[in-house]
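Q: Here's the letter readout for the chains.
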Amino acid sequence: MANTTVERPAGDEFQSSELTDIYRLMLLIRRLEESVYRKFHEAKIGGYLHRYDGMEALVVGIIPQLRLPGDKVLCTYRDHAHALACGTSAKAIMAELMGRATGCALGKGGSMHLTDPDRGFLGGDGIVGGPVPISLGVGYALKYKGEGNICVCYFGDGAMNQGGVHEAFNMVGLYKLPVLYVLENNQYAMGTSVERSTGQPDFVLKAKAHGIEGEKVDGMDYFTVRDTVKRAIARIRETGEAYFLEMDCYRFVGHGIGDDNTKAWMTYRNEEEVNEWRQRDPLLRMRDTLEAKGLITPDEAERLDKEVREEVEEAVAFAEASPEPPLDSLYENVFS
Amino acid sequence: MANTTVERPAGDEFQSSELTDIYRLMLLIRRLEESVYRKFHEAKIGGYLHRYDGMEALVVGIIPQLRLPGDKVLCTYRDHAHALACGTSAKAIMAELMGRATGCALGKGGSMHLTDPDRGFLGGDGIVGGPVPISLGVGYALKYKGEGNICVCYFGDGAMNQGGVHEAFNMVGLYKLPVLYVLENNQYAMGTSVERSTGQPDFVLKAKAHGIEGEKVDGMDYFTVRDTVKRAIARIRETGEAYFLEMDCYRFVGHGIGDDNTKAWMTYRNEEEVNEWRQRDPLLRMRDTLEAKGLITPDEAERLDKEVREEVEEAVAFAEASPEPPLDSLYENVFS
Amino acid sequence: MATMRYQQALRLAMTEEMERDPNVFLCGEEVGQYQGTYRVSEGMLQKFGPMRVVDTPISEIGIAGLATGAAMTGLRPIAEFMTWSFALEAMDQLVNHAAKITYMSGGRITCPVVFRGPAGVGTQLSAQHSQSMESWYAHTPGFKVVLPAFPEDAKGLLKTAIRDNNPVIFMEHAGLYGLQGEVSEDPDFTVPFGKAAIRRTGTDITLVAYSRGVHLCLKAAETLAKEGIECEVIDLRTLVPLDMETVLTSVRKTHHAVCAQEEWRNVSFVSELSARIHEGAFDDLDAPVERVGGADVPMPYAKNLERAAIPTDNDVVAAVKRALA
Amino acid sequence: MATMRYQQALRLAMTEEMERDPNVFLCGEEVGQYQGTYRVSEGMLQKFGPMRVVDTPISEIGIAGLATGAAMTGLRPIAEFMTWSFALEAMDQLVNHAAKITYMSGGRITCPVVFRGPAGVGTQLSAQHSQSMESWYAHTPGFKVVLPAFPEDAKGLLKTAIRDNNPVIFMEHAGLYGLQGEVSEDPDFTVPFGKAAIRRTGTDITLVAYSRGVHLCLKAAETLAKEGIECEVIDLRTLVPLDMETVLTSVRKTHHAVCAQEEWRNVSFVSELSARIHEGAFDDLDAPVERVGGADVPMPYAKNLERAAIPTDNDVVAAVKRALA
Ligand SMILES: Cc1ncc(C[n+]2csc(CCOP(=O)(O)OP(=O)(O)O)c2C)c(N)n1
Ligand SMILES: Cc1ncc(C[n+]2csc(CCOP(=O)(O)OP(=O)(O)O)c2C)c(N)n1
Ligand SMILES: [Mg+2]
Ligand SMILES: [Mg+2]
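One line per chain: the protein sequences are A, B, C and D, in this order.
Just so we're aligned: the first sequence equals residues 1 to 336 in our numbering.
Just so we're aligned: the second sequence equals residues 1001 to 1336 in our numbering.
Just so we're aligned: the third sequence equals residues 2001 to 2325 in our numbering.
Just so we're aligned: the fourth sequence equals residues 3001 to 3325 in our numbering.
Isolated chain A, as found in the complex (with noise of 0.2 Å):
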């Protein structure tokens, strides 16, 4: 059905082989993150791990529309999604995770600090807010260079009550600069709920008190992301000036691998609030309307998982082949 292109969802100019592609990309993305945890208590991986199931929405409605590698891509700890939508490969991000020299930061970074500067994703940072002071900079250099290229900033909603964002967010409102900042809204800093950690919870208008204009998205659905964030880029390129979205979503799981949404750790929220919001799940969601459409068949959607999940055992067996950093690595790249 290549080239036929879709009536629905209206405002929608994408090929459904794109759109398939999304889908793809959004399987693969989930089954990552589900080999990933059962590889972490393998003892195959250490360190922190935060997933990003029921996020997807967030990077695969934003990320396959930029101009990689002109454009660039900054986001938190919770960033093999990122990093997957942006090309570096599930076995790179595998061998990374696991340690070994083959990983897209040669073993050094792990988890939180995926890294892969040719596909213009400058990486995870394992600070709360860290990436957003960076991505001033990062705005700064693109503005600079005037070659029309953007930054988008992926941060937390705990991350809005960092001192440094604030300082970057002024100094991007005052200088005009292209980045769009991706507030990844999932309610929850660890255990703290919105309303716990902020003295005022529109995060929109926080935005707008640095002079940075935005709104607020259902980050559950890939087409009104991926439509809201179109408008917002061509936005950017054409003014040059920043721009902000607060993205409504929600983490399936727990905050990282030792929050594992068990009672012990549900001291912050009940099974019942997971499960409505399982309801959303952007992936299902995506694949209804694909096959509503008629863009894709129930046996299609069905080879489409088993090649993902295909793809994913090849970068486990890739990483597991895979040689550990040679030791005298350890005192090279402090300096380049």
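FYI, nobody ran anything at the bench for these hints, they're computed from the structure.
Just so it is clear, CB atoms sit at the ideal spot from N, CA and C, and this is done for glycine as well.
Treat the hints loosely; a few may be bogus.
[Stated by the list, open to error] Computed spacing ranges between beta-carbons, pair by pair:
#, chain 1, residue 1, chain 2, residue 2, range
1, A, R196, D, E3245, 19 to 27 Å
2, C, T2003, D, E3245, 16 to 24 Å
3, B, E1291, D, R3039, 42 to 50 Å
4, C, P2022, B, N1270, 28 to 36 Å
5, A, E213, D, M3001, 50 to 58 Å
6, D, P3022, B, T1267, 54 to 62 Å
7, C, T2003, D, P3192, 57 to 65 Å
8, B, A1234, C, T2003, 41 to 49 Å
9, A, R196, D, P3192, 50 to 58 Å
Let chain A serve as the given structure and place chains B, C and D with the ligands on it in line with the hints.
A: What follows is chains B, C and D with the ligands alone, placed relative to chain A:
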């Protein structure tokens, strides 16, 4: 004329005697700064020096309304006026500025670190924005003790761009703490005008973005400041919630002793502008009002000025006659 | 006496002090409803309520300001940093405010505040989550710096810290939270600052350490004992104030010393120890003081690299042999 | 060659590099329209325009992020801190970001950024404005740390810093801004990192210092020469990388050493120097290495106390006499 109440300005239930006291305090602040300036150029005072000339209404319109020492005051390095208003003697201040053992901080703090906890004055702060995170803790302690006291925290327009200010505002908004924030908007942060330093110049909105209500006030008029603050303080004591006042004002002299309004330093403003603002000198406006209302005669005004100049001269004499701190005090007070 | 984990000992210290003194309160990220990231404050919110066990936003500057300002106003706050790495965000409030206010006010304002939380490395948390910076704090006048190595010290030193009238940097080691030990349950039991503990006596060489470094030294001492080398192991417990007398007395006896820590070695606390031992016991030393510390690199993620970056008891053994060679 | 002030040499270095490389730009508080708080960047806004000489709000985290992010994106920023004391506010961006990004990315991201500004004490600025913390930065892997003592080095080292592909901590001494000296006007003139300079040769004792400490040592050396004591004075110029070879070669010759700095002494760079000299030349030393540093107290305001807190050439003389006693 004690005990005869004044009709104008409206809403004024202060005694005329109190108004002359206020005027005398304004005079004392101005004369002290003038004297301090001379003493610096006689090399009797060192370090940084930041004068309050032109901003007196912000101090005399607020601090006399407090219940010291239960209420607490925090401010910036531009703190001589605040100390005087809290009741620290000109002697103790001048001695501190000359680095004498009789200074309010034993000569260890200097101009930027005047302090007088017994009078509720928790001090100046040399770090831009620094007092605001501290005010969060002071406000928390006051709420914790539940004695109905409040904290007044002064800071500058340039400080609004410090991340710590935003972290603290958000937490003060979240915890609902009894703090009155007074933004001393004197239009410039050193050589940087407000427009050149912020992405969005409505400071009240910046406070609201964190859940703190507030308003903008003419900080050049004592009565306006006093009456607005009276309402604000009543509101804070009643609701226990913070309030934010942006006080529009101007510093008649340079930023610090190094920036002397001389041509060389007039890179960011011009004489016309300074002179325009000088037309609104809160000291002269106060005197005019008092004379117009017959609360003070020109002779009385002159007498007051003479009295104040003598008080300052005594302070200078006291400081010059005071010993330097003993050398072995160098290692004292590192720990309590 | 009761057997408990290092982590429980910390909780007991905070609980006892909060029961004793209504001005003591705890604040930090996830200390309350979440029961503490490392469960150190488990149950405390339920026991003391939200005014005294305060969940904060992710705002380290705010947390430091909250604690410092409250201390300046007569309370005795305990501020938890989720890990000490995040205290970097609050460095101005810590160094330019908490550490200096007493001095700048000529002693008129006291600042009785404890900043505590986990430090230490070893679970592949990579570069941004693997630094403790005790050398920085020890370098800065105005802080007392405390790093317990055992459960009993965790309790006794934390109680002393809470009762101290000054800003105390209290660094726990995440890798020691599970360590079991005998701990006094006497609410009056405290451990004084500035008194090192001799954890093992020996005649051939003095091993000086703190926090997890002490455990490396004890393990090394065992290994070396089998070879007939008797190590004296000194646990400093507090870096500020520092008990050099115990160290120098030992070195004058053994004529050799190794100083060990987990943190980066360059310009660090073991550098200071080395300098002071040479200054204080130069003529008694038969060999230069050896230093053991972490590799001077940002912490790598890969398990094998991380292992190579962290000092082990074997590194201490090797240093001892160099010293005695 | 031309005679100019330390401050002018810095301006010349920045100007030459900005003319040479369009990717170099300067940002910081008051660097542009105000002409620089200490006039270091005077005239540069007029010369290079607002895109390359960027006035910032009072937002140190923002300044550090601006510079670090721009460096990660291919530019070569120079970020000025109005004084190094204010860099405390940006510590997370400096330490957890600028210093680590290259390592965390396995070398795939480079971060060519210079953080510069005045440090140093002596004009009664009191506690919050009187700290440089070079010991902190030297402790932290990922930074190069540079502290010029003379105008020619100010120029040559700053040019090297701007051309370096790594984060460079470049500390100027406010008290040296007015110092006159001969400076090469050759735009290709640079001073390499990691090469100490012997400022005076001598046979009796080695004095090791950097920044203003070098001037204390030179003054002390003159005084001591009158008494027949010949000091060799070494100016390290860069603390990271560190040229220990020059230091140890000298100490093996003189058998005595004094290390001097202005900063607090406890757990500081002179502690590291002392440790390394003892480790590297123990058998050549006739006496323990002496350390001279600032008093370990927050800087007091009063002139007499401040004077007592800052090391002088007399303190160096005294240390030399202790060492030679
Ligand atoms: C400055 C800092 N403080 C604390 C932490 C510990 N921490 C890691 S993730 C996290 C929660 C962040 O929540 P949010 O910003 O909403 O992002 P999310 O995890 O929900 O995607 C915290 C407190 C940190 N990494 N950095
Ligand atoms: C964190 C920090 N950065 C920079 C400085 C240097 N500095 C001192 S005062 C000042 C200007 C502050 O302006 P504003 O906040 O408007 O207060 P004003 O001086 O106008 O009263 C600056 C940049 C400082 N003291 N602290
Ligand atoms: Mg969140
Ligand atoms: Mg101002």
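Q: Confirm or reject each hint.
A: Structure-based check of each hint:
| no. | hint | verdict |
| --- | --- | --- |
| 1 | R196/A - E3245/D: 19 to 27 Å | violated, 57 Å |
| 2 | T2003/C - E3245/D: 16 to 24 Å | violated, 53 Å |
| 3 | E1291/B - R3039/D: 42 to 50 Å | holds, 46 Å |
| 4 | P2022/C - N1270/B: 28 to 36 Å | violated, 57 Å |
| 5 | E213/A - M3001/D: 50 to 58 Å | holds, 55 Å |
| 6 | P3022/D - T1267/B: 54 to 62 Å | violated, 26 Å |
| 7 | T2003/C - P3192/D: 57 to 65 Å | holds, 59 Å |
| 8 | A1234/B - T2003/C: 41 to 49 Å | violated, 57 Å |
| 9 | R196/A - P3192/D: 50 to 58 Å | holds, 54 Å |
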